[in-house]
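**Q** Going down the list, the sequences are from chains A and B.
Quick note on numbering: UniProt numbering labels position 327 of the first sequence as 327, and the sequence is numbered without any gaps.
Quick note on numbering: UniProt numbering labels position 147 of the second sequence as 147, and the sequence is numbered without any gaps.
Quick list of simulated restraints, FRET-style, between CB atoms:
#1 A:P286 - B:P286: 30 to 40 Å
#2 B:S292 - A:P99: 56 to 66 Å
#3 B:W204 - A:T128: 36 to 46 Å
#4 B:Q272 - A:T93: 50 to 60 Å
#5 A:E273 - B:E349: 42 to 52 Å
#6 A:A205 - B:D229: 20 to 30 Å
#7 A:P286 - B:D229: 39 to 49 Å
#8 B:R310 - A:P286: 51 to 61 Å
#9 B:A283 - A:P91: 41 to 51 Å
#10 A:R202 - B:D25: 31 to 41 Å
Note that these hints are calculated values from the structure, not bench results.
Note that the Cβ used here is the ideal one computed from N, Cα and C, for glycine as well.
Number of protein chains: 2
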Amino acid sequence: MPDSTPDSTPASTPPLTPPLDLAADIVTLTAAICDIASVSGDEATLADAVEAALRTGTALQVERHGNVVVARTDLGRAERVLLAGHLDTVPLTDPPNLPTRLDGDQLWGRGTVDMKGGVAVQLRLAATVAQPRRDVTYVFYDNEEVESSKNGLGHLARSHPHLLAADFAVLLEPTNAQVEGGCKGTLRVEVEVPGKAAHSGRPWAGDNAVHKTGALLTKLAEHQARVVDVDGLTYHEGLSAVGIRGGTAGNVIPDRCVLTVNYRFAPDRSEQEALAFVRDFFAGYPVTVTDSAPGARPGLDRQAARDFIRDLDVPVTAKEGWTDVARFAQFGVPAVNFGPGDPMLAHKEDERVPITQLRDAEAALLRWLG
Amino acid sequence: MPDSTPDSTPASTPPLTPPLDLAADIVTLTAAICDIASVSGDEATLADAVEAALRTGTALQVERHGNVVVARTDLGRAERVLLAGHLDTVPLTDPPNLPTRLDGDQLWGRGTVDMKGGVAVQLRLAATVAQPRRDVTYVFYDNEEVESSKNGLGHLARSHPHLLAADFAVLLEPTNAQVEGGCKGTLRVEVEVPGKAAHSGRPWAGDNAVHKTGALLTKLAEHQARVVDVDGLTYHEGLSAVGIRGGTAGNVIPDRCVLTVNYRFAPDRSEQEALAFVRDFFAGYPVTVTDSAPGARPGLDRQAARDFIRDLDVPVTAKEGWTDVARFAQFGVPAVNFGPGDPMLAHKEDERVPITQLRDAEAALLRWLG
Chain A
1 MPDSTPDSTP
11 ASTPPLTPPL
21 DLAADIVTLT
31 AAICDIASVS
41 GDEATLADAV
51 EAALRTGTAL
61 QVERHGNVVV
71 ARTDLGRAER
81 VLLAGHLDTV
91 PLTDPPNLPT
101 RLDGDQLWGR
111 GTVDMKGGVA
121 VQLRLAATVA
131 QPRRDVTYVF
141 YDNEEVESSK
151 NGLGHLARSH
161 PHLLAADFAV
171 LLEPTNAQVE
181 GGCKGTLRVE
191 VEVPGKAAHS
201 GRPWAGDNAV
211 HKTGALLTKL
221 AEHQARVVDV
231 DGLTYHEGLS
241 AVGIRGGTAG
251 NVIPDRCVLT
261 VNYRFAPDRS
271 EQEALAFVRD
281 FFAGYPVTVT
291 DSAPGARPGL
301 DRQAARDFIR
311 DLDVPVTAKE
321 GWTDVARFAQ
331 FGVPAVNFGP
341 GDPMLAHKED
351 ERVPITQLRD
361 AEAALLRWLG
Chain B
1 MPDSTPDSTP
11 ASTPPLTPPL
21 DLAADIVTLT
31 AAICDIASVS
41 GDEATLADAV
51 EAALRTGTAL
61 QVERHGNVVV
71 ARTDLGRAER
81 VLLAGHLDTV
91 PLTDPPNLPT
101 RLDGDQLWGR
111 GTVDMKGGVA
121 VQLRLAATVA
131 QPRRDVTYVF
141 YDNEEVESSK
151 NGLGHLARSH
161 PHLLAADFAV
171 LLEPTNAQVE
181 GGCKGTLRVE
191 VEVPGKAAHS
201 GRPWAGDNAV
211 HKTGALLTKL
221 AEHQARVVDV
231 DGLTYHEGLS
241 AVGIRGGTAG
251 NVIPDRCVLT
261 VNYRFAPDRS
271 EQEALAFVRD
281 FFAGYPVTVT
291 DSAPGARPGL
301 DRQAARDFIR
311 DLDVPVTAKE
321 GWTDVARFAQ
331 FGVPAVNFGP
341 GDPMLAHKED
351 ERVPITQLRD
361 AEAALLRWLG
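Extracted from the complex, chain A is given alone in its bound form (with noise of 0.2 Å):
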């Protein structure tokens, strides 16, 4: 179905790479996927490719804004649900680990974990699926391996909210095919421990910054963080000290230490609750944020979400990290992680996916959309 909005890119420019074929294999089209390189900044013609991929293998109605692709049902079910995938990925290892190659059982190569496996999952039952039991939004976005504000999903946010309206979503990141609901929040502050100079040949004559600070790390070493059940699911919270700094010269005691502290918290508590509860932590220090980002509610009380879960049939976790499930959080739409390829293989040279987990991903989403 032609796209009707302003600002799409024209279907008619002749793509330079070969066409996707929505038709292929899982395991076909991931390759295929994964050798066009799209290291972020660099998606246009993968983006390209998605686009004229699903306007031509799919009924969906497709927008393009930037290097954000999105296609969607409009069925007028009870519910909607979003999938979503970045398009980028880091970049490639020297010499390249691309093209892919299949060795075995697994696929090797740049993406195959993160995270266009998840991409070919998508762009698979967007091909497949034509009567799903909920309407379906895909979310195909760049930008999302480097800083926050080119987020391609960011973007969208921004610019076309209406867009990532939904029920329920569902990031397709690596978990290495468990669901992996919601994520906490980070809260990033600098804690600053005053003292007062003097030289270290008469120490009494000052106020040892470095020495007083170890009070609050006695603090944070003893401090029993909290685990919190939420929708179900349990979120076990981080106080860390990441960072330490202090002192001037070495015959000077420091009138100044300042802690880096990052706080991972369950999402239960907003930004506003957690900035309290550190304050109240260092209470009597100045406390300056530096970083903040709320956590994402897995919603697993929804019936979208209760649905997902049966159908998939796989284990079900708290995310511990922080993903861009949260973005879907402050819209109010809770969002879990699912996807194949193992997480801790993210980034790394040796990256590589067991095609089981595409098949099974796959078979999995199918079963829960079909």
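Chain A is fixed; fit chain B onto it per the hints.
**A** Structure of chain B alone, referenced to chain A:
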């Protein structure tokens, strides 16, 4: 008396600056010396002037080694004492705090405190005490205000150690005209606390090196430093963190924290004993020495020192910082600091000395030597 050592500079070189008049009063002489700028590394002109003045204005044996000038009596006395002072200053201010300016009862300008007042006192004594009760060696040296490897006294100790032989030494550094005996030693070490890196979203998978350092900081904060009597003076030790660093990224549990510690130890301990104490204090953690210098006993039990204290009749305290007196201690020569000027004004923009301190210091040392 002409000098016959081969490496002396011929006195026939005409000085470009007015000659120093050792018959002038102490304030006039101090001003004249200050007005020959001699920032570290640029002491030749002042060394020339000092050498010329000693050769023409005294009967002392004069030697010149680089920009170090040594003048000695050789009267066959039972004891020899040594007076030493450095010719260099820290850089001038902008605009320059020279020429000196007499304002009421204070002489203002670079070097008035650190330590051309002391140099002037040495020159006045050299010119006026022809028959001292003890043989006297006067040493004027360069590069005291810069890195230790350039220190003129250190160079002389290595090239002509016999010139530093004495029963007792006085370094005319500013002490507010009281006697500061000996000096503490200084040891600087890095203590490494190891940990294990992990993503800060899963801190339990790592071992936070910064958190573990808290126990060491608390131990430092609670440490009761020794207060030690040595040769009748009281030294206050100090064991201080002077720096701390740890952390690699905002989302990584630090696998390493490095604490820089400065131990200022009383002169009853050797460098080796000081290091053994520090290694024991931080038992279990690797300790790397980055700097070490011995302390110096005040030697107030020696006859020359006892007479010095009696004749001066000024307060006597322990030197809490480190000074060049330690260089004498390495030769077994006890040494004290005694000189005009408030050390808190050294290196400052408003460097200035009360002229009474100049006169009193000259008079006190005259009583002792005369």
